[in-house]
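Line order of the protein sequences matches chains G and V.
Under full-length UniProt numbering, read the first sequence as residues 1 to 245, first letter to last.
Under full-length UniProt numbering, read the second sequence as residues 1 to 245, first letter to last.
One or more hints might be untrue.
The list makes no distinction among identical chains, and a pair is therefore deemed to hold if it is satisfied within one copy or across any two copies.
Dumping the calculated EDC-like pairs for lysine to aspartate or glutamate here, alpha-carbon to alpha-carbon at most 20 Å [claimed, not checked]: (1) 43 with 81; (2) 43 with 191; (3) 12 with 84; (4) 41 with 124; (5) 25 with 140.
FYI, nobody ran anything at the bench for these hints, they're computed from the structure.
Note that this is a predicted model, so its numbers are computed, not measured.
2 protein chains.
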Amino acid sequence: MALTIPKRVLLKQEHFKVAREHRQKVDLELEAQIDILRDNKKKYENILKLAQTLSTQLFQMVHTQRQLGDAFADLSLKSLELHEEFGYNADTQKLLAKNGETLLGAINFFIASVNTLVNKTIEDTLMTVKQYESARIEYDAYRTDLEELNLGPRDANTLPKIEQSQHLFQAHKEKYDKMRNDVSVKLKFLEENKVKVLHNQLVLFHNAIAAYFAGNQKQLEQTLKQFHIKLKTPGVDAPSWLEEQ
Amino acid sequence: MALTIPKRVLLKQEHFKVAREHRQKVDLELEAQIDILRDNKKKYENILKLAQTLSTQLFQMVHTQRQLGDAFADLSLKSLELHEEFGYNADTQKLLAKNGETLLGAINFFIASVNTLVNKTIEDTLMTVKQYESARIEYDAYRTDLEELNLGPRDANTLPKIEQSQHLFQAHKEKYDKMRNDVSVKLKFLEENKVKVLHNQLVLFHNAIAAYFAGNQKQLEQTLKQFHIKLKTPGVDAPSWLEEQ
C-alpha cells in the first residue's frame, strides 16, 4: 500500500517529522527548566516554613529573657551578698531581649521578601506555565487531526475539511508558539530577579545574625567590665568544659 | 485585791515578763529571717521556672537551626549562582545549633544545681522551721497553764498540780529552746551555703551565655573570612537600620 501514497503526502509527513523533532527538543529544554523551578519552589517554601518557626521561637525566647531580666533585677535589689551576680545576669538577659527583638525584625523582613518571591513572583510564572501546557495539549490534538486527514483521500468532499483543519492547526500552533515564548521569557526574567532578591535576602539574613552576635558580644564585654568580672571564676573554668561537652 | 497578791507571785510574774520579752525579741529576729527565707524561696522558684522555659525554647530553636542548616546546604549544592550565599547560611545555622547545644548543657547544669538548693537544702531548713513553730505553740500552752495556776491559791490540793505543771512547762521550754537554736544554726549555715552555690551558678549562667556569644562571634568571623563577605553589602546597609528598628 505504502507505494501508492502520493509523494506530496510523504513530503508533508517528512516536514511534520522534522518540525516536531525540533519543537520537542525546545520543549524538553523548557520542561527541564520548569521541573527545576517547581522543585526549587518546594525548597524555598521549606526555608520559609523553617524561618517562620525560628521567628516564633525567637519571639518566645525574647519574652522569657525579659521575664528573667526582671526576676534577676528584683533579686539584685534584695540580695546584699549576691547583688552583683544577680545584677549582671539581669543586664545580660535584658540586653539579649532587646537585641533579640532587632534580630526578629530582620528575620521577619527576610520572611516577607522570600514569601513575595515564592508566592507572588514564582507563582505568577507557574500560572503562565499551566496556560502553556494546556495550549500544547490543544495544539497536539489539532495536529493529530490534520495528520490523519492528510493521510486520507483528497477530493471535493474532504478538501474543505482538510482546509478547515489546516486553519485550526495553524491557529493553535501560533497560540502554542506564543505561550512557549512567553514562558521562556518569563523564566529568564524570573531567574534574574530570583537571584537578585535571594542574594540580598540571604546576605541580610546572615549578617543580621552576625550583627546580633557581634552586638551582644561587644555589649556583654561592657557588662563584664562594668562588674569587673574575670571570665575565669570558681565553678566556671567552665568555658573549657563547656566546649568539651 | 491586787494588794493581797503575795510578793512571791509578783516576783514570778515579773520573772516571766522579763524572760518572755527577751524571748519575744529573739523570736522576732528569727521570724524576720524565716519570712525572708520563704520569700526568697518563691523568687528562686520563679527563676528556676523561667530557666527551664528558656532551656526548652533553646532546645527547640537548636532543632530548627539544624533543619535550616540542612535546607541551606541542600540549596547550596543545587544553586550555581547562589552557591555561596546558601553555603555560609548553612554553616552559620549549623554552628549556632552546635554551640546552642553546649549552652543548653550549661543552662541545664544551672537548673539542676539551683533546683537542689531550692527543693532540697532550703526545703529541709523549712521543715525544721515547721517543727520549731509547733514546739512554740505547745510551749505557749503549758506556759499559760502554769501562769494561771501560779495566780491561784497554793495549798495541799493545788501544790501537786503546780509541781506537775512546772515540770511540763520546763520540758517544753527546753524542747522549744532547742528547736529555736536548731533553726538559727540551720539558717546561718543555709545562708552561707546558699550564697556560695548561687554565686557559682550565677557566674556560670552568665559566663556560659557570654562564651556562647563570644564563641559564635569568633567562628562567624571565620565564616565571613572564608566566604570573603564584607558585612556591608547591597540590601544590608542593614546593621544601621537593624539598630534603629
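State whether the alpha carbon distance between residue 43 and residue 81 is at most 20 Å within one copy, between copies, both, or neither. Classified as between; 16 Å across copies, 54 Å inside a copy.
State whether the alpha carbon distance between residue 41 and residue 124 is at most 20 Å within one copy, between copies, both, or neither. For residue 41 and residue 124, the Cα distance is within 20 Å only inside one copy (12 Å; across copies 60 Å).
Up to 20 Å between alpha-carbons, please classify residue 25 paired with residue 140: within, between, both or neither. Classified as within; 15 Å inside a copy, 104 Å across copies.
Within, between, both or neither, where residue 12 and residue 84 count as close if Cα-Cα is 20 Å or less: neither (93 Å within a copy, 52 Å between copies)
Homomeric proximity label, residue 43 with residue 191: Cα distance no greater than 20 Å: within (15 Å within a copy, 57 Å between copies)
In terms of the numbered hints stated before, the structure departs from hint 3 and from no other.
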